[in-house]
Structures are given as C-alpha cells and as structure tokens.
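Chains A and B, in that order, are what the protein sequence lines are. Residue numbering for the first sequence follows the numbering used here, starting at 201 and increasing by one per position. Residue numbering for the second sequence follows the numbering used here, starting at 6 and increasing by one per position.
Just so you know, the hints here were simulated from the structure itself, not pulled from any lab data. All the given hints hold, so there is nothing to weed out.
Have a look at the derived ranges for each label pair, beta carbon to beta carbon:
| # | chain 1 | residue 1 | chain 2 | residue 2 | range |
| --- | --- | --- | --- | --- | --- |
| 1 | B | T66 | A | D281 | 55 to 65 Å |
| 2 | B | R44 | A | E508 | 32 to 42 Å |
| 3 | A | E206 | B | G342 | 11 to 21 Å |
| 4 | B | E302 | A | R412 | 52 to 62 Å |
| 5 | B | D330 | A | K524 | 18 to 28 Å |
| 6 | A | S510 | B | R260 | 34 to 44 Å |
| 7 | A | W352 | B | Q214 | 27 to 37 Å |
| 8 | A | L204 | B | R44 | 34 to 44 Å |
| 9 | A | D493 | B | L59 | 52 to 62 Å |
| 10 | B | P316 | A | E206 | 26 to 36 Å |
Quantities reported herein were computed from a predicted structural model and do not represent experimental measurements. Note that CB positions come from ideal geometry on N, CA and C, so glycine has one too.
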Amino acid sequence: MKYLSEYRDAGVARGLIARVRARATRPWVLMEVCGGQTHTIVKQGLLELLDGAVEMIHGPGCPVCVTPLEQIDKALRLAADPRVIFTSFGDMLRVPGSECDLLQVRARGGEVRVVYSPLDALELAVRHPDRQVVFFAVGFETTAPANAMAVWRARELGVGNFSILVSHVTVPPAMTALLSASDNRVQGFLAAGHVCTVMGWTEYEPIAARYRVPIVVTGFEPVDILEGIWMAVCQLEEGRHEVENQYVRSVRREGTVPARDLVSKVFQLVDRKWRGIGEIPQSGLGLREEFADFDAEYRFGLTAIQVEESPECRAGDVLRGQLKPFQCPAFGERCTPDHPLGAPMVSSEGACAAYHNYGRFRQARPAEV
Amino acid sequence: MAKRAVAPAPLTCPVPSIASDRVQLGHGSGGKMSAALLRERFLPHLGNPVLARLGDAAVVTIAGCEIAISTDTFVVSPLEFPGGNIGSLAVHGTLNDVAMMGARPLYLTAGFVLEEGLPFDLLDRVVRAMAASASAAGVPLVTGDTKVVERGKADGLFVNTTGVGLLDDAFRPGPDRARAGDAVLVSGPIGRHGMAIMAAREGIAFESQIESDSAALVPLVERLRLSLGREVHCLRDPTRGGMASALNEIAAASRVGMQLEEAALPVPADVGAACEMLGLDPLYVANEGVLVAFVPEALAPAALASLRSHPLGESAVQVGRVVADHPNLVVLRTAIGGTRIVDLLPGDQLPRIC
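Can you make the complete structure from the sequences, with help from the hints?
Now the structure itself:
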C-alpha cells in the first residue's frame, strides 16, 4: 500500500521518537486537535514512548464526543418518528442522549441505518419517496463538503423527502477558545490534516501569530504524527511560532477550493454548543436560509428543544489540561465509560476514559517490586 | 519493576450501555452486552453446575462416558457468501465448538426455520453444502426438524445445529487452563469470515474477493491431541467478537494476562485494507475456520509443526504469550514498541467516522 506502509514504518517511527527525546530540553505540552490523530496515538501506544519529552493533551476534535446532548436528543426524536428513516455514521449510534441511544430507539422499532456517506442517504430518499430520510450531519470541516454536496444535489434533483440534522463544528474557534483561557497549558498544536485538506491553513496563521504557538498541520499515520511532534518541538526549542505543514501529500495552503466554495454556499457560521465545553460563538456550521427546507430541525419542528449538559462535568478544564481527570470529583464515581457525564469520558480517545483505563491497568498489576 | 507513568489505553470507545428494557442487536454481538444478557436473563432461571461452566460445549457424563454437547443457531445475511453458505457454516460452527472442548464430534442434529417463499434451489444448495461439510468431517447428521413461517417472519432461513462428541481423558483443553508462560498460537489468517460477509452484504459498496475461512477444525485439533495431548491448555475458535473477545474471555476465565505482538498478527492484506476502509479493527472481526491454542512456550514449536502439517494450519504462528502481570487484561505491543489494551467491546463494532 503506497502512501500508507511507509508512514507506518516502525524503524522510522522509533528514529523520530529518539530525535524528539534528544531535542526536547524540557517537557513540552502539545495538543493534537483531531480524534483521528488521538486514535493513532492510542492505537500505537505513543504516549508512553514520548513520556518525559512531550505531554500530549487530547483535543476536542472527536466529532462523536463533542456533539451536544441537545443534538443527540433531537436525533433520538427523529429516529423514533415512524415517518423517518434516520441515517448516520456508525459510531454515533451508541452515543447516549438524555435517556437512551439510537441503538435502543432501533430496538423499539425506529428505523436507523448506518451509511458511509450522506450521498447514500440521499439515494435512500430517492428510493423511498414515501418516507422522510434524515442524515445526521456531524463532524468538522472534513465531513462538511460531502454534506453540502448532498443538500446541493437534493435541491437540484428536487428531492423533497431528504433533510439533514446539522451538528457541524469548526476547529479554529475551539483552538482560540482554549488558547485565550488564562490558565492555558497548551504550547503547540498538531492541526488536523483532513480538516486542512479542505480548508487549507490560512485561518491558523493569525492564531499562531497572536498566541505565539507553533501549529503543525499533521497527518494520521504514526510517522506523520511523530514528524508533526518533531516539527512542533523544533519550533518550541528555537522560539518560533509558525504554521508548518507536515501533511504535504494532502494539504495545500489554500485547501481544496471547490470544496470550500460549496461549503460556504450551503452553510454559514453559527453559534454551537460543544458537549462538555459549552457554547462557543461562531464555532459551528448551520444551513443557510435558502437551504432551510433541508434542515431537519425546521422540517420537524425541533428548534425549540433545549437540553442542559451535566453541570458536574468539568470537561472544559480537562481539555485545557488544567485538571487531571482523576482530580475531578465525579471521576470514576458518577462518571465512568459506561455512564459518562461528558465528552472526554465518552470516547476512549478522550482524556478521562484514557485515565480511567490507566487506573484499571495499574490496579490489575501486582504490587510494584 | 519500574513504575510506568503512561499506561496503555484501549482503542475502542467504551461508550455506555444504558439500561434497556428490550433486546438490542448488540446483545448478539458476543461482547459485554451478550455476556450481560446471559448473566441477567438466562442463568438466574436456567443455571445449573454444568451450564455454569459456560464453555463452548457442555460436558456431561452418560453411562460412564463423558460427552460434550454444543448447540448453535445461525442467522447469517446473505445466506450465501464467498467461501460458503449458511449450511456449511452451521455444520462447521457446531463441529468446531465440540472440537474446542477436546472432544471428537460423533453426531449432528439440525433444525430449520424456513420462510415462506424461500426458493428451493437456494435451499438445495444449503442442504448440499451441509451434507458435504458433515461427510468431510465424518460426522453424520442423525435427526432434524423443519418449521415454516409466514413471509416476513424470518430472514429466508435460520438453521440450528447441535453436535455431540466423545471426550478423551488425556486431552482436556479448557478456557480456565491458560497459564503464565503459555504461548498463544493462531492457526491461520484472521478476519476473513467477517469481512467476506460485510463485503457481500447489500448496502456496503465494497469490491472484494475476500472468502470466508469457514472450515471444520477437527483435523487440526486431532493433530494437537496426538502431538501434545494434555499439554494443550486451551483451545478456542474466535468466531463472533473475533480474536479480541475470545482472548479476553480466556484471560478472565484463567485469571491471567496476555501480551500480543502486533507485528505477529496474521492479518491478510485484503482484510486489512477492507477494515481500514470500513473503520473496523480486524481483531474484532469474526473467524469461522481459525483456532487459537495455548500451549507451554517450550512446546510451541512442536504445536506449530503439527498445525502446519495440515493445509488449514499451514500459516500457523505464535502471536503472543500469557503473563502473570495484569490479570484479565489483554495488552498488545505495537510494532513501534508502544502498548494498548485490547478490550472487550460493549456491543457490535461500529464503523468510525474519522
């Protein structure tokens, strides 16, 4: 597999780890923005290999984790509606709403289907003109173009029984929110390669300059991540704060212009709640007025639904690296992977779940000798 | 031992199983929900000392003979897939469950739920495949039952099979017999059955030639019996829930830890690529013709040699070892040298968004 196996080469990866460890004169605190990057870091066990040289804080870039309770509850309402075929990416099915999840709605007779693309959902709508097909449009800028395309095509084809439940979020406002907190610990970012494939990196240039943080656009394979870390550590050691691009095989500075154009034709910036963090102004994408017909919230009268997150959850503090998960009073007691109060406990890519399992691992070990 | 500042984490999202008042598909996944279903809904009413062992098959004594009995119900969609159909699968699955207890399968029974409208030519192909699989294993199907239900009340055809086999005193693999110092061996490439089904299933547009590995493992077990006998501590065919679930169950039953080597896992390139595209982990994908064996590490070369002497086991390898550390946890060492926990899934494996 060209463009894949070479980025998983264990020898190259170990070499990069050694270089990072040799170069770091102090432990640096970096945040990987994207859940896909966290996935690789956890899958490859990179944290322990970097321990002492680089501390990675897992960013808010897991779309499953940050989708707010309110949008999940709306999804559950739609899925239970007998008129509706509710379609979604697979891993949203198990995310808990206030009372249940999509899998349980399906067990009670709701029609919930896993699709790999919103265009598959559109096709389903064409095949079932007697039903309403709703797609759960979650994710960052990466999934926005395909969702925009589905809505655009639906309008072109005059498909009246297709709509999307939008819960799109965008990366730069979240980074700004983290950096502007007075107690911020993050010293550099690995920006999300796929988001930047669509959007480019011009939006990050003012952030790097204003907050004096290195931002390295980084891919998702282990060698990508380690090279991104290496580039960020070099900047920190040299006192630089620039936007650099590690993911050159995919990302250009201006991004993918036709995709960006389509996204901005269909979507506009809106205020958006993030699970466990709260509302961040202008941090989400919503359908433009002219596409309101394809907005499931309007079509099914869901706009009035408002759900509060658990006030016990201190995910915001954890995501800023201010609070270690085990310092949270709810940790391991009222908040566990089987019953999470907030985003970082929902996915094992989240910091709280990772620490929860760390504790389990330590407990399972015999006494240290 | 030096204290580790950073410990491995599991890769999968341990997202909640909120208490439910009805059956969900995840209850059939072979993961935590399946275990809870059994523990909460069945065992309180049906529990007895034989059932309580929860092996692949029950062990009972009849007229002084120890017998293994296993039953399994097959509900696969599509009914025919590359490498087999529901008939061959139903025979192989039950023969394998009996064989994993160390028993020699003797007889099979079969029950069929047929849906009104099922084409006879399809039914004929299924029954012919059953006959061929049973006769290849030398195990006759001695009694059966058929029921027909209205159109829409079954997905074409459901098959139940039961197998009985004779146990051998000198060959007693069991899920609770894995010991620190055992080698973990796997008889062949993993993930093929699950990905063949996924690829064949309507709705997932994925071009693939992946064939199911569905096969009777009886000859492999027979070779292990002859070469190592009692030294085979544990055998398991990692079907639904895949290798990860099977190893977790054994770790729990034997109260041991396991360390796997990622680089040693026999994931075929096409299975790896398909998993990559679909956002799945091959460790959790079903196998129907692969066995995992636990033997003392010193005997691993002999066990591998006997497995490799049969075509089904020609690519048998050691993938890890049993350790005294971290009991109940299966840990994987990555090619780069990091580690992560290979956990039991809560329910079905769900494709990841990113």
